[in-house]
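K.L.:
Okay, here's what each chain looks like letter by letter:
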Amino acid sequence: MPTGEKRRVELVVHETTSKTLTAIGEIYEVNTADPSKSELDVSDIKARLGWPSRFVTTPGTYQYRFHVEKGTGKFRVGVREIGTTKWLGNDEFDTAFGFSGKVLSFTV
Amino acid sequence: MVWLPRLAVVVVLCLAGRSLAQESTGSNSPGFAPVVPSVQLTGDTSGKATFRASVDVALNLNERYMMSFLPSGQVQATEGLANLLTADDDGVSTTLPFRVGGSVVLHDLGEFDSGTSNLAPPELERAWKVSAVDRCLQVCTASPETKNCDRFKAPPPDPTAVSPEHMCAEGAALYVRLEAASLEGKSVRRDVKLFPVPLFSIAGLWGQERYKFLSPREDGLLTEAKRTFDVWALAAGYTTIVGRNVSIEALAALSASREESEVSVEWCVPNVPVGGDTPGQSFPTTACKNGLVGAPAFQRQATLNLLVGFIDPAKAQWRFAAGPRVTTGGNQITLGLDVPFYLQLAEVLGEGKDKVDYRGLLRITPRVEYELRKEGEDERRFLLVLELLGQRSLFSNALDSISNL
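Protein chains in written order, with our numbering: chain A, 1 to 108; chain B, 109 to 513.
Watch out, some of these pointers could steer you wrong.
What the hints assert, rightly or not - Cβ-Cβ distance ranges computed for the label pairs, FRET-style:
1) Asn90/A / Phe418/B: 37 to 45 angstroms
2) Arg54/A / Leu412/B: 41 to 49 angstroms
3) Lys37/A / Asp242/B: 17 to 25 angstroms
4) Pro421/B / Arg54/A: 25 to 33 angstroms
5) Gly484/B / Trp51/A: 52 to 60 angstroms
6) Ala454/B / Trp87/A: 27 to 35 angstroms
7) Gln407/B / Gly50/A: 45 to 53 angstroms
8) Ser251/B / Asp34/A: 54 to 62 angstroms
9) Glu10/A / Trp426/B: 46 to 54 angstroms
10) Leu40/A / Trp426/B: 37 to 45 angstroms
11) Lys37/A / Ala454/B: 53 to 61 angstroms
What the hints assert, rightly or not - With a Cα cut of at most 27 angstroms, we get these calculated DSS-like pairs of lysine-lysine:
12) Lys320/B / Lys397/B
13) Lys397/B / Lys334/B
14) Lys19/A / Lys86/A
15) Lys46/A / Lys70/A
16) Lys423/B / Lys19/A
17) Lys86/A / Lys46/A
18) Lys19/A / Lys46/A
19) Lys46/A / Lys6/A
20) Lys320/B / Lys156/B
21) Lys70/A / Lys423/B
22) Lys320/B / Lys334/B
23) Lys334/B / Lys156/B
24) Lys46/A / Lys423/B
25) Lys74/A / Lys255/B
26) Lys261/B / Lys37/A
Claimed, not checked - One side only, chain B facing chain A, incomplete, derived with CB under 7 angstroms:
27) Glu231
28) Glu233
29) Pro265
30) Ser271
31) Pro272
32) Ala280
33) Tyr283
34) Asp338
It should be emphasised that the hints constitute simulated quantities derived from the structure, not laboratory data.
Here a beta-carbon is modelled for each residue, glycine too, at the ideal position from N, C-alpha and C.
Model the full structure from these sequences, guided by the hints.
P.N.:
In structure tokens:
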């Protein structure tokens, strides 16, 4: 766990027509020296449209590795500091590429 | 012509039966959902009975919405279920009206659940990623200009960190195939809503009724007349589910029918005398007949019905709803309260997104009505409607609201 000021961030599912599509997964901290050795940072991060998941973390590079339940189609997942609008990471996903193995990279 | 309605019902039933046989063998044309019969047998405490049969031909518009086309035929009797299959023309009007019509229904099939409990363990998911990334490395070495190949100039340090969305097309397709193969046969992609919801529906019904009545002729005297009139109805319905278990249904219907005259007369003509007990004794007799004076009046009715209900949260095997019904037309306004309760008796559940569920249902609808008349006394009624239904959804469509035309 890197040292530094703790940040309150939220993970948001947006730009989807589905009210039920749910992203479920974990936050991994990326070891920048050896990216193959990522470490689990926060588990059980679950979010759907209008229901973000909030957690506390420290500055660093992270990945949200997740799968999709209860919905299909295109959607976006983004991470931002609570109370701000600037995305720390924001990407488009689509269940046409499968329901599992999704990865969102973001930097706090 | 009495055989015609019966023949039509038999033809509809045969077509429906054949369609169900196709469903059971699993045949399915691309774009089309399995064809199923839709049947309804209704009886109520006023003695009215209706049997309706439709062939439900459904087209999958996409994985969420399905359009159903239901050409329908129905027979109805006013004196009980037993009279449904008999026809009699000795009364004031024909007692076996036959109707044809149909409805178009846009179904919301709901969304499909990936079923997390059946997803592959992380090590298997990692193996798929490694295979897919390897495929991209091969493709990108051969064609560096391919989309997303900028990520595959060198092997990524951690293949699990690559989303399928960020792979080359061939790698992503391989990943999707491997995932789909692992899910196959596990029946995980179940409909989140558990049943198709008839989001929008429109329906129409047409038929003819034959009336006998007394009509004035040129010399001013009444004479017996027979005439056939068209009757029709149009309806539209909207259903939505709020949250997971609360249903809201709105139905509107417009109908044009005939209402018999309330003025009746009796006339008698001399008949053959009846002999007495002693020879030569006789008594004069008359034969009397009844008739309604004047042609049945044209009557237009409009009905609005709003229902709010609750659906079984576990398996959607029952639901109930309640709401007001307002009917206006002619010389009266009828205010009513419907409380339909649906109980699933049997079901055939599809397994994939191309399969469609089919349900056998019992619907019991207590109905309280208060009829406000412009002329005469108001009337209160209690009606219990019992129905056996075979259809795709736990919900009915707009045709239901006009089936007692």
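K.L.:
For every hint, state whether the structure bears it out.
P.N.:
Here is what the structure says about each hint:
Between Asn90/A and Phe418/B the beta carbons are some 39 angstroms apart, a value that agrees with the proposed interval 37 to 45 angstroms. Taken as a hint, the range 41 to 49 angstroms holds for the pair Arg54/A and Leu412/B, whose Cβ atoms sit roughly 45 angstroms apart. Checking the proposed 17 to 25 angstroms range against Lys37/A and Asp242/B shows it holds: the Cβ atoms sit about 21 angstroms from each other. Between Pro421/B and Arg54/A the CB atoms are about 28 angstroms apart, so this pair conforms to the stated range of 25 to 33 angstroms.
At roughly 58 angstroms, the beta carbons of Gly484/B and Trp51/A sit within the given window of 52 to 60 angstroms. Taken as a hint, the range 27 to 35 angstroms is violated for the pair Ala454/B and Trp87/A, whose Cβ atoms sit roughly 51 angstroms apart. Checking the proposed 45 to 53 angstroms range against Gln407/B and Gly50/A shows it holds: the Cβ atoms sit about 49 angstroms from each other. Between Ser251/B and Asp34/A the CB atoms are about 30 angstroms apart, so this pair departs from the stated range of 54 to 62 angstroms.
In this structure the hint that Glu10/A and Trp426/B lie 46 to 54 angstroms apart at CB is violated, the actual value being about 39 angstroms. At roughly 44 angstroms, the beta-carbon separation of Leu40/A and Trp426/B lies within the given 37 to 45 angstroms, and the hint holds. The hinted window of 53 to 61 angstroms between Lys37/A and Ala454/B holds, with their beta carbons roughly 56 angstroms apart. Restraint check for Lys320/B and Lys397/B: the C-alpha separation of about 13 angstroms stays at or below 27 angstroms, so the hint holds.
As the CA atoms of Lys397/B and Lys334/B are separated by approximately 16 angstroms, the hinted pair is consistent with the 27 angstroms bound. Restraint check: the Cα-Cα separation between Lys19/A and Lys86/A comes to about 24 angstroms, which is no more than 27 angstroms; the hinted pair holds. Restraint check for Lys46/A and Lys70/A: the C-alpha separation of about 12 angstroms stays at or below 27 angstroms, so the hint holds. With a C-alpha separation of about 21 angstroms, the suggested pairing of Lys423/B with Lys19/A holds against the 27 angstroms cut-off.
Proximity of Lys86/A to Lys46/A is assessed by CA-CA distance (about 21 angstroms); at most 27 angstroms being required, the pair is judged to hold. A distance of roughly 14 angstroms separates the Cα atoms of Lys19/A and Lys46/A; the hinted pair therefore holds under the 27 angstroms criterion. Of the pairs offered as hints, the one joining Lys46/A and Lys6/A holds, with about 21 angstroms between alpha carbons and a cut-off of 27 angstroms not exceeded. In summary, the hint linking Lys320/B to Lys156/B is supported, as the alpha carbons are separated by about 21 angstroms, within the 27 angstroms threshold.
At most 27 angstroms may separate the alpha-carbon atoms for a hinted pair to count; Lys70/A and Lys423/B meet this at roughly 16 angstroms. Straight-line distance between C-alpha atoms of Lys320/B and Lys334/B comes to about 5 angstroms, which keeps the hinted pair within the 27 angstroms bound. Pair hint Lys334/B plus Lys156/B holds up; C-alpha atoms about 24 angstroms apart against a cutoff of 27 angstroms. Distance hint between Lys46/A and Lys423/B is fulfilled; the C-alpha atoms sit about 25 angstroms from each other, no more than 27 angstroms.
Distance hint between Lys74/A and Lys255/B is fulfilled; the C-alpha atoms sit about 19 angstroms from each other, no more than 27 angstroms. The straight-line distance between the Cα atoms of Lys261/B and Lys37/A is roughly 21 angstroms, inside the 27 angstroms bound, and the hint therefore holds. With its C-beta approaching chain A no nearer than about 13 angstroms, Glu231/B sits outside the 7 angstroms limit, and its interface hint is violated. A least Cβ separation of about 6 angstroms between Glu233/B and chain A falls short of the 7 angstroms threshold, and the interface hint therefore holds.
Residue-level restraint check for Pro265/B holds (minimum Cβ-Cβ distance to chain A is 4 angstroms; threshold 7 angstroms). With a cut of 7 angstroms, the hint placing Ser271/B at the interface with chain A holds, because the nearest CB-to-CB distance is about 4 angstroms. A hinted interface residue such as Pro272/B counts as satisfied when its beta carbon comes closer than 7 angstroms to some beta carbon of chain A; here the least separation is about 4 angstroms, so the hint holds. The interface hint given for Ala280/B is met, as the beta carbon of that residue sits about 5 angstroms from the closest beta carbon of chain A, less than 7 angstroms.
At its closest, the beta carbon of Tyr283/B sits 6 angstroms from a beta carbon of chain A; the interface hint therefore holds under the 7 angstroms criterion. This hint is violated: Asp338/B has a C-beta 44 angstroms from the nearest C-beta of chain A, more than the 7 angstroms allowed.
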